[in-house]
Each structure stands twice: as structure tokens, then as C-alpha cells.
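Given these sequences and hints, build the entire structure.
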Amino acid sequence: MLLPELTGDSNKDRGNLVLSKKTTFPWVLFISRVDEKQLWTVKTYEDSHSCLQTRTVRACSSKFLANNILHQVESNPKIPTRALQEELVQRYSLSISKMKVFRAKAMAKQYVYGDYEKQYGVLREYAMELKSKNLGTTVKIDVETEPNVCSETRIFKRIYTYLGPLKEGFKKGLRDFLGFDGTFLKGPFLGQILTAVGLDSNNGIYPVAYAIIETENINSWTWFLEHLGDDLDLNSSSNFTFISDRQKGILAAIEKLFPSAKQRFCLRHVYDNMKLKHKGDELREAVWCCGKVYNIPKFNRAMEKLKKPNPKAHEWLSKIPAKHWARSHFSRRALTDSLTNNLCEVFNSKLDEARDKPIITCLEYIREYLTKRIVNVHKVLDKCNGSLSTTATTILENNKTEASKMGVLFNGADKYQVTGLWMEQYVVNLKERSCTCRKWDITGIPCQHAIAAMYDKMQNGSECGDPEAWVSKCYWLSTWNAMYQHTIDPINGRSMWPRSDCPTTLLPPKHHKQVGRPKKKRKRAVDEPTQSTKLSRKHLTVTCSKCHNKGHNARTCKGQGGPSEAG
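Per full-length UniProt numbering, the sequence shown starts with residue 1, numbered consecutively.
The set of hints was computed from the structure by calculation and includes no laboratory data. Incorrect hints may appear among the rest.
Below 30 Å or equal to it, Euclidean Cα-Cα: the simulated DSS-like pairs (lysine-lysine) are [unchecked claim]: (1) Lys323 <-> Lys305; (2) Lys133 <-> Lys98; (3) Lys248 <-> Lys171; (4) Lys473 <-> Lys431; (5) Lys308 <-> Lys277; (6) Lys319 <-> Lys262; (7) Lys275 <-> Lys308.
Dropping the structure here:
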């Protein structure tokens, strides 16, 4: 049923009847009022219909639907358009197209998360609110160079954020190790999120700083690392250890700013580059075997084993210095044997839902995730007993079990000869906290050989202390507690933010809309397995359902193709 169009003007129809233009059917409505201050009064109403009922109503617009699905979209942003369409059709008994529901969902998301362009205009106010509520927080905003210095607008380029509580917590972790990575944004304004992630006492991720930039290159990584270095008091002589995927520009930026730092390369990405020319499961296992061994003699044997079946692959891998990807060549300072950049990959996976949001909503999603994570770790800490973190305790207990199988020979000073199964023999120096197997040196947790030497020392009446006392302080439960005692404070809503006195207004970055539907899924490697539960039809020959010949389908069937499968 179409709603009647009312005639007349409110100023001219004072005291007159307002009639419907639609007079071809019995339905009629007469309303009137004495003056503008009075309400309209229904005089005559005939509710008889002679027209056919329609399921198409103009008033049911996408804007109307958006207002009625706000709560659904806010509680479940990933609700399928088809599910929304079915629910709305049942609710209103109307014919609603899928495209109209799609537009309504997009409008509702805009209402919930804010407008993509408008959020850039209040980015400075957001930064001021963040810094006022969390002391020690660093927020840096960079803009594009403006030829006209008198212009009242500036185009956004980058933003760097390091929350004060995370800054204090990371410094108490006692581990000079950071991973770097980047992930793409999915919204209308393209860019990337750069992240710096450390390790806590339980070998869990400890996000440090994050930034939204225009693209990964030497300039953007240098800008990010300069601010990170200022916050962590790093300089050209700092002996930090960094691990990365060898992204564009990051190696040159680290070499420029921190020439004394140790650089590790993610072994998984090293192999991904290698398999472009050299493939095979046996080769993959051989490469990982080279990276996993802890001492140089075993590393050399693993490399020789790799060289025999594939000398070209050995030559390719030898061009990358082993100090960047093999445990046998790692330094003792980082106190971790990590071969991959999984710490950053894990953090980036938690940000997947933030990557298509407006910029402030994206930054808030990251801050809220970090806040929740600290609270969750507090719950785990409340259940912990003993002197070490959960992971360190598990590793140490396993090493204690293996230590009981070792034979020990004391040299009368501080060195012990420890012999295990298959005549594996290593030298332990308790004074230097070192073992020639190098597990203790690299991880900071006593290996089975070192624990066997400690047991032998205690059996001979010398004071040695429990193995827990020999574990590096970065794994202590007290250190774990200290890292997470700094919590992130909440912030007010936009109406409570302080006003920025900056004379210029931020505008969103320039963006050229690509042709076609925006792609939100990352491109998988050629041999990367999918998460689908169905068998892939790749490399299978199609069979025609008409003639049962191979090489074509029923739509293009002309009797051609290979041999028939029909019996």
C-alpha cells in the first residue's frame, strides 16, 4: 500500500481539510487543525482497501534499515549480509534486496565506528587524551610536506604510539630482544601497521610499540625506529637483538641507526625465499636442522648433509651469514633461541579485526586488546607458584629428568665433563654459567648437562643451590610480575577530549580507488595449504556430464575431448 501524499501548505491550510490525492480507492483520511499551535485531528478515516497488497515499500530504505540493525552490527560486525536479509524480511514482511541490506550494513558500520575521513580531523585530540590518561605515553604524528605554508590543512602521513605502561614494563623484562613486522590495512585508505614485539618472562608476546604508516620502505622504518630508540634509550652502540622477515628497508634502517645491534632473520621466511629455486620436503627438513642445532660442530655436519643432495641449495644458503639464522651462531645476550618471527605474527593475528576500521577505531582496538591482555596475564599470575614462570619451570623440569641419566666427571676446579647417551660429551663451567652444548648460553636456562654438574657438586658436599637459582632473572616469577604491574588506564569519549590548539586540520591521505572489489585476504604462497575442509580440484581435468569426455564441460560440449569414461 502506498502512503498518501498530503496536499496544501502548513501556513495556508489553517482550519482547512487536508485531502489525499489518491481518490481512486475507498481508503480515505481527513485531518485538520485550527492553527499551527494545535495538533492535527483525524476527522474521517476509512480503512477499506481494494488494491492488491505489495511487498515493496519506498519508506523501507537502506537508511531506515541501518537504524534498525545498529545493535546487531555493533555486537557482531561480521554478521553475513544474507543472514541480515532473511531476518529483516521476516521482521517486516517486505521484499528487501540483498544490495539494499548491504548498503544498510555499511551505513550501520559507519554509525558504529565513525566516518573514515572525519576521524583524521580529531586525531590530535585523541593523542592528547591518550597521553593525559597514560603518563609517559609517546604519540608522534607526521604529515605530508605542504608547499603552501599558509594552508589551514595538512595531509596525514604516519602516527607512532608507545603507551607509557608498556614502556615501563618492557624495561623490567631484562631481555634485549625485539621483533619487527608489518601488516596491511584493509580500509578505504591504504597503509600498513608496523609493530614491535618483545618477549615476557613466560616466553609470551609483549607488544611494545605500533605505528600506522603509508608503506614499508627505508624512510618509514627509519622514522619508526628513531622514535622507538628514543623511548628505549637506544643509541648507535646499543647491543640489542632484533628479528625480522627482512622486509623492505628494515635491514638498512637498523644498520643505519643501530650498527652494533645483532640482527636475526626469520628462518621460515628464509626458506620461503629459498624454495623459489630449490624445493622439496627433504630440503626443508635439512634447512631447519641446520638452524636448530646449538653448537658449531653440529651445524657444520648439518650443512654437509644438506650439501650432498643439493649443492646449489647449500651454496644459496651459505651466502646468508649463519649468525642471522642459526642458533649455533647466536649471541648470549638476547636470552632466547627463537628462530622465527612468530611473536609478531601472533600479535598481528590479534589485530585482524582492526585493519578495516577507521584510524581512531583501529588504534582504540589495539589499545583495548593490550589492556585486556594485561588483565588476562594477571589472572594467570595469581595462580602461579614457585620462583619461575610457567614455561621456564616446564623446561627446567624436563632438563632435570634428562640430567639423571648423565655421567659426571669433576676436574677439581669449576669444570665438569658430562657424558650422556650415545657417548655425547660436553664440558660445563659453572663459574661462567656455560656449557659447550650452548643451550644454557643461548636461553639462560640450565641445560641437562649443567644440572647434572650441579647435582654432582651437591653430592660431594659443596654448596650449589637449587637449579632454579641458576636460571636467568628474566625468567623469574618476580620479573614476570614486574612487567605486568603497569596497567593501561582507560580514556574518555570524544566529547570529553581536550581541544588541540594546532592551527591546521588533518586530512586523510590521498587514495586512488582501485578497480573491482577490494581484496581483504592476503595472497597465499603457491604451496601454502588452505584452511578449507574440501579437497582441492586444482590440477584435475574436468569431465563433461553429457558425453563423459575429459577436457571440457557440458556448456561447451561439442563431442570433443579425450577418451570417454562411460562404461
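Results for each hint:
1. In summary, the hint linking lysine 323 to lysine 305 is supported, as the alpha carbons are separated by about 19 Å, within the 30 Å threshold.
2. Annotation: proposed proximity of lysine 133 to lysine 98 is violated, straight-line Cα distance about 44 Å (limit 30 Å).
3. Between lysine 248 and lysine 171 the CA atoms are separated by roughly 28 Å; this keeps the pair inside 30 Å, and the hint holds.
4. Using a Cα cut-off of 30 Å, the hinted pair lysine 473 and lysine 431 holds, with the two alpha carbons roughly 17 Å apart.
5. Distance check on the hinted pair: lysine 308 and lysine 277 sit about 17 Å apart at the alpha-carbon level, within 30 Å; holds.
6. Distance check on the hinted pair: lysine 319 and lysine 262 sit about 18 Å apart at the alpha-carbon level, within 30 Å; holds.
7. Annotation: proposed proximity of lysine 275 to lysine 308 holds, straight-line Cα distance about 17 Å (limit 30 Å).
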